[in-house]
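J.: Based on these hints, arrange chain B on the given structure of chain A.
Spelled out, the chains give:
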Amino acid sequence: MASLISDTEPPTHSNTVSTDLTRRKKRLSVPSSSSSVTTRDGDNHARWRSEKQQRNYSSKLVQALQQVRLTSSSSSPTPQKRGKAVREAADRALAVSARGRTLWSRAILANKIKLKFRKQKRPKQTAIPSLITTGSISGSRRSKKRRVSVMRLSKKSIPTVNRKVRVLGRLVPGCKKESVPVILEEATDYIQALEMQVRAMKSLAELLSGSNSASPPI
Amino acid sequence: MSGRRSRSRQSSGTSRISEEQINDLIIKLQQLLPELRDNRRSDKVSAARVLQETCNYIRNLHREVDDLSERLSELLANTDTAQAALIRSLLTQ
Chain A
1 MASLISDTEP PTHSNTVSTD LTRRKKRLSV PSSSSSVTTR DGDNHARWRS
51 EKQQRNYSSK LVQALQQVRL TSSSSSPTPQ KRGKAVREAA DRALAVSARG
101 RTLWSRAILA NKIKLKFRKQ KRPKQTAIPS LITTGSISGS RRSKKRRVSV
151 MRLSKKSIPT VNRKVRVLGR LVPGCKKESV PVILEEATDY IQALEMQVRA
201 MKSLAELLSG SNSASPPI
Chain B
1 MSGRRSRSRQ SSGTSRISEE QINDLIIKLQ QLLPELRDNR RSDKVSAARV
51 LQETCNYIRN LHREVDDLSE RLSELLANTD TAQAALIRSL LTQ
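Those protein sequences? They're chains A and B, same order as listed.
Letter by letter, the first sequence follows residues 1 to 218 of this note's numbering.
Letter by letter, the second sequence follows residues 1 to 93 of this note's numbering.
For reference, chain A alone in the conformation it holds in the complex:
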């Protein structure tokens, strides 16, 4: 694939950008693929660290970011709004590359659809419940139900481990009302997906800042 790119691109600095991108991707994925061989507890551990998965996510991320750029140029581009839009696009791309096998990915995608309907002030659509497997999700980060659940957690009658698992369940999207083993399993998958998201966004940011400064990449 690297040879294909270098053949079709014109021999300017963009050529070095393309090889640098593939080199950076390989550099990122080589240490992670070696760790995936050692921790083969199941399919899940290798899933988020394979190079194919990273490439898949990166392409989706770039496409989503392109759409964000197009929409934000028309509306009022305050830096916080743009950052949030980028974050939501990245989360959505991450959830899509999870292929709907995990609760948190379904919750992220269903959350987005619910917010869309709420903004348009339509009555509740009954076609949505096929997507939503958890209960009502009222915005994982801006939930108004958070105050009630915090007061419940401060009771000391709940053992420590259960209390911490509940806290963990609030951090992982869509797992607020799940049982303990479900929350733990979702958390393991979610952490690995987040790590991949951070790696991909970091490399993309480095790439963009490198090409912005117009200095020849290494």
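Since the hints were derived computationally from the structure, they do not count as laboratory data.
A portion of the hints provided could be inaccurate.
[Stated by the list, open to error] Computed Cβ-Cβ distance ranges for the label pairs, DEER-style:
(1) A:Q63 <-> B:E19: 41 to 47 Å
(2) B:L33 <-> A:E206: 37 to 43 Å
(3) B:S46 <-> A:F117: 42 to 48 Å
The model shown is predicted, which means the values in this text are computed figures rather than measured ones.
Note that beta-carbon positions come from the ideal geometry of N, C-alpha and C, so glycine has one too.
T.: Quick look at chain B alone, frame taken from chain A:
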């Protein structure tokens, strides 16, 4: 291990069946965390500590994603449209 078993006697009886399952999941979680990966001795790291570190780690990752997305939004605003299209075509091939 014995500490965890005595704790389970206080809780309801149905949780004892899946206690091993939960412990397995917590061990798996511990191996994911960068802070606790080196301590393989299970009696040193309690389940509560693993869960606390997990929460902290997820919050850290969320914050990193937020910072990165802010940075990306600034970069995308300044990037030349030709270069952005170039990057997209590179990644979708």
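J.: It remains to establish, for every hint, whether it holds in the given structure.
T.: So, going through the hints one by one against the coordinates:
no. : hint                         : verdict
1   : A:Q63 <-> B:E19: 41 to 47 Å  : holds (45 Å)
2   : B:L33 <-> A:E206: 37 to 43 Å : violated (25 Å)
3   : B:S46 <-> A:F117: 42 to 48 Å : holds (44 Å)
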